[in-house]
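Protein chains in written order, with our numbering: chain A, 1 to 535; chain B, 1 to 461.
Some clues are possibly wrong.
Pairwise CB distance ranges (calculated) [claimed, not checked]:
1. B:T423 with A:G406: 26 to 32 Å
2. B:E183 with A:Y263: 33 to 39 Å
3. B:N293 with A:L448: 40 to 46 Å
4. B:E75 with A:Y263: 19 to 25 Å
5. B:Q44 with A:F240: 53 to 59 Å
6. B:G460 with A:D382: 36 to 42 Å
7. B:P122 with A:D385: 33 to 39 Å
8. B:S115 with A:I155: 21 to 27 Å
9. A:G275 with B:G88: 42 to 48 Å
10. B:E75 with A:G406: 57 to 63 Å
11. B:Y18 with A:D382: 53 to 59 Å
12. A:D382 with B:G394: 17 to 23 Å
By construction, these hints were calculated from the structure, which means they are not laboratory data.
For glycine and all other residues, C-beta sits at the position ideal for the given N, C-alpha and C.
What follows is the residue order along each chain.
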Amino acid sequence: MARRQQVYTARVKRADDGAQDAKIKKKRTGESEDGALPAKTRPRREAAAPEKDAAVRRASKTAAARLEADDAPKKRTAGKPVTKAAKSAPRRRQSDSPAARRRAKEKARVSAMGRDRKRQLARGGGFAVWLIALLTAAFDVLGLLLCAVRTQGVIDTQALVMLAVMAPLALLTATVLPRIAPVDPLLMALTNFLCGVSVVILYTVSPERGIRQMVFYVAGLAVLLAAAWFVSRVRRWHGFTLLAMVLGIGALVLPLAFGEWNYGAKNWVSLPVIGSFQPSELVKLALVMAMAYYFSAHRTVWQMMPALVFAAACLVLLMLQHDLGTALIYYLTTLALFYVACGNLPLTAVGLGGGVAAAVLGYRMFAHVKVRVAMWQNPWSDALDKGYQIIQALLAIGSGGLFGVGLGQGTPEKIPAYYNDFIFAVVCEQLGIVFGICVIAVYVLILLRGMEVSMRARRSFDMLLGCGVVALLGVQTFMIVAGVIKMIPLTGVTMPFLSYGGSSLLSCMAMMGMLCGISGRVREETEEDILSVKG
Amino acid sequence: MRVLLTLLLCLFAAMVAYFCYSVYFYGGRWVSNVHNPRIADGKQKVIMGTVTDRDGTVLAYTDAVGERRYNGNRETRMAVSQVIGDDGGKVSTGVDTFHAQYLLGFKSSVLERLSDALTGTPQRGDDVQLTISERLSRYISAQFPAGKRGAVVVLNYKTNEILAMVSMPQFDPTDMDGALSDEEAGALINRATQGLYPPGSTFKIVTLASALTNLPDLEDFSFDCTGYYAVGSYSVTEKSAHGTQTLSQAFRNSCNTTFAALSQDLGYQMLGQTAEALGFNENFLFKDLIVYNSSYPIDDLSADDLAWSSIGQGRVLATPMHMALIASAIAGGGVMNEPRLLRSITTAQGSERALPQAAAPRRVLSESVAARIEKEMIGVVKSGTGTRAALPNGYTVAGKTGSAEASDDKSIESHAWFVGYITNDNAPYAICVLVEHGGSGGGVAAPLARKTLEKAINLGL
C-alpha cells in the first residue's frame, strides 16, 4: 500500500551503493497494489542493484519514473500552472521567478511538515508517553509496595527488589531508551504498562510466578531491542525468511515428537538447556516474517505460494497438536495479511470459506471442541465440571464489580488457569471492570499505533510485517478476552503480555520489537529527508 | 489495511459492548451465584448485614460471634424461609445468597472500606429492607390448606412491591439438617418463583386478551358448548354442556370448548404473540429476584396442541409470580412492571445506597383491552367461577380461577389457581394463589385469595 505513503521530496542517490538506499519522495504515487508501473518506466540502475529487496527495487523504479514524469511538464509548460506531479518536485532547478517563488514556498511547507513529522516521530507524542510511563511506574511502585507490607510486621524484601527493577525499567525504557535505540516510545510505554500489570497481579496471587514473569519481562526487553535492531538494519530478508521457515516447521514438529499430552493438547516441549517451552508461540514470528517477505516481493498468488504453503503446514501441525486456538490465530492472521497484500476479495472469501468448512469439520471431529461450544452456550448446565472454569471466571469478574475488590484481595486462585488463559478475569476481580476495559483500551492503542507505524513504512515488506504483527496480536487478544467473558467459545490461547509464560511473553516482545524496528526505520528515513531538504 | 484495522476495531468495540452488557445484566447474578466460593469466604471476613421486612421486623442478622441468626419466632422464620434463604446457600434464590453482594459489602466503595480499615472496625455489609410483610406471610402460611403444597404471591400493582411471597412447604433455617433430610418435600424450593405449573384456565386471560386484540366482531360472538369440541385427533371436553354463550359468559363459566374454538380462529402465531408480549418465553432478568422463565410453545403447533395451549394445558408452564405479574399488568391498564423485593439498602455507615435500576415499564396490552378484561374478570368474581373470592365492604375483586390438570390420572386432584386483584385504588393488591393438587380453583384457591386480600387490607400495607 505504498500509495498511501506521504513523502515530501524526490531524491535518488547515485547507484554505486545500491538501490536500497534510495530515498523516495512522492506524493500519492500512482503505483498500484500489484506493482504495475507506468509504461515508460526504465530501470536505470538494474545492473548496479543486484539481488536486492524487491520492494526497494520497485520503489526506486517508481522514483525514477517520477523523475522522468517531472521532467516532461517542465519542457511543455514554462509559466503555466503546474501539474500535481510538478508540484511534488521541489528540487528542480529553474530560474524563472514564479517557479522560484513556488519552490521557496514548497520548501517552507515541506520543512514545516518535516518538523511536524520529526517531532511526532522523535517523541512519539511526548506528553502521552511520559504520562503512561509515569502511571506505569506508579502502578508498579504502589502495587509492589502493597505486596511488600502485605503481611503485618514482615517486610517482603523480594517485592522491594522487584520494585527496584520494575519501576525504573518502566520509566527509562519508554523515555530514555528511544533516544539511543530504534524503539518506539509509545509502543514501549504501552507494553511496559501491560507487563507491569502482569507482574504485579501475578505476584499478588502467586509470588513465584510473579518473579519468573519479571525475569521473562527483562529478557523480553532484550529480545525486543534485538528484534528492533534486526528489523531496522537488515535489508536482505531472503535468507532469514527461509531459515525462519525451516526452523519454524522443525519447532512445530518437536512437541509432536517429544512432547506430552497436556490438557488435551500436545503443544509443549522440553529441551535441554532451554527448558520447556511452547514452540507455536515462537513460530508466530516466522509466520509473520514469511508472509511479509513473500507477499511483498512476489505479487501473484503463485509467487506467494511459499508463505501460504508454510502457513498451511503450520496449521496442519497445530491441528495434529490439537492446539486449535493457536491454529485459529495463525489462520486468521494469514487471511488478514493475504487480503492486505493483494486486496483480492474473491480469493480471501474462498480462504474464509475454507476456514469455515475446516471449523465445521473440526467441530465434528474433536470432542473437546463440541464441549467448548456447548459450555459457551450454557456453562451452567455443568457448572461443577466442564463449565467450571468459565463460570468461575464470570463469577470472579462479577464479584470484582466496577472497581474491583482490591489488589491482592479476592480469591482468583479458584479459577483454573488463572495465571495464563484467565488472567483477564483476575485483573477484573482485583482491579475492577473499569480497569479491565482500560486494559482492553491499551491493546487497542497498541493496535492503532502499530497500524500507524505500518502505514508509514516505505517498504511493503515493513508494512506487511507491521500489519501481520498487529493482526496477530489483535486476533489473539480478542479471542482470549471474548472467550473469558463468554462472548465466543473459549479457546485456550494466552493473553499477549499479560499471561504468565516465557514463550508467550518473549514472542510478544519480539513482535513488539519488529514494530519498533519499523518505526525506527521510518524515523531514520524521515530525518534524513528533512536534512536533505534543509541542505 | 484500513479494512483490517476497521475490522479489528469493530471486533474490540463489540467485545467491550458485550462486556458492558453482560456485566450490567448478569453481573449481579454472577456474584450471587451459589457456585461463587467468594460468598462463603466473605462470610468469614465480613459481618453480613441485617435483613428486615417492610415494617422493620428483623428476619435475619449476624450476631457478635459472626453466626447468622434468624427471627426468634419459628412461624415467622418458616413463613419467609424461601425468601430469605439459608446460611449454607442451599436456597440459591434466597436474599441471603442472591443479594450477598450487598449483605457482604461487595458493593462497598473504596472510601467505605478505607474508613472501615482506618477505624479498625471489621468490615460490615449493607443492611437490606425487603418489601415483604412478615405478618402477611405468617397469616398466609397459617391459612394455607394443611398438608398441601403451593404458593401465594401478593403484589402492590401501583408500586410493584412484593408484599408476600409464600411457598409451601417451608423449612426452618435454624434446623437445616431437618430440612435437608426431607428433601423429597421440596421445602428448599421457592414455588412462587421457581415452580413451573400448567396455568390451566387462568391462561384464558391471555387467550381472551389475544382475541380482544386480534379478532373483530367479538361483541356478536356466541358459541354453542356441547361439552365436547373435536380438534385434530383429540377433543377438548367439558364436564357438562354450557349451551350457547357469549364471550363474557364463556369466560365467567371458564368454558374450555369456547376458548379452544377461539384459539383455532386466532392461530398459533397471534396467540403466541400475545403470550410472549405478556412475558411467556421471556428471559426474566429481574434485578431483585430470580424468577424462572415461563414457557409457551410456539414451535410447530398442531391444531390440538394449540387448543390445549389456549386453556393453559399441554406444554404451557408458568410460575405463580408470573401469573401475579399478568394480573398486575391488567390492573395497571396493560402496563407490565418489574417486581421489586428490595425496599431500601443501608450501608454500614448509615447512608442509603441506590436500589438496582428496574427495567422500564412495558406496555403489553392496549388500555381498552385491559379495561375489557378487567370487566370480564370482575364478572368472574361476581357471578362466575370465582364468587368465593368476593370481598365485602365495597371492595371489588377481579379474578380468574383455574383448575389445571397435572396428570392423566383423573383420581389425582387438579392444581387450584386463583389470579386476580382488587380494583379499588386504596387497596391496590394483586394476588396469585396456587395449591398443588388442591382441587378446583373456585373452591380452594379463591377462598384463600379472599382471606389473604382481606388481611392485606386490614394490615394497611
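To see whether the hints hold, each was checked on the structure:
| no. | hint | in the structure |
| --- | --- | --- |
| 1 | B:T423 with A:G406: 26 to 32 Å | violated (53 Å) |
| 2 | B:E183 with A:Y263: 33 to 39 Å | holds (36 Å) |
| 3 | B:N293 with A:L448: 40 to 46 Å | holds (42 Å) |
| 4 | B:E75 with A:Y263: 19 to 25 Å | violated (54 Å) |
| 5 | B:Q44 with A:F240: 53 to 59 Å | holds (58 Å) |
| 6 | B:G460 with A:D382: 36 to 42 Å | violated (49 Å) |
| 7 | B:P122 with A:D385: 33 to 39 Å | holds (36 Å) |
| 8 | B:S115 with A:I155: 21 to 27 Å | holds (26 Å) |
| 9 | A:G275 with B:G88: 42 to 48 Å | holds (46 Å) |
| 10 | B:E75 with A:G406: 57 to 63 Å | violated (42 Å) |
| 11 | B:Y18 with A:D382: 53 to 59 Å | violated (23 Å) |
| 12 | A:D382 with B:G394: 17 to 23 Å | violated (56 Å) |
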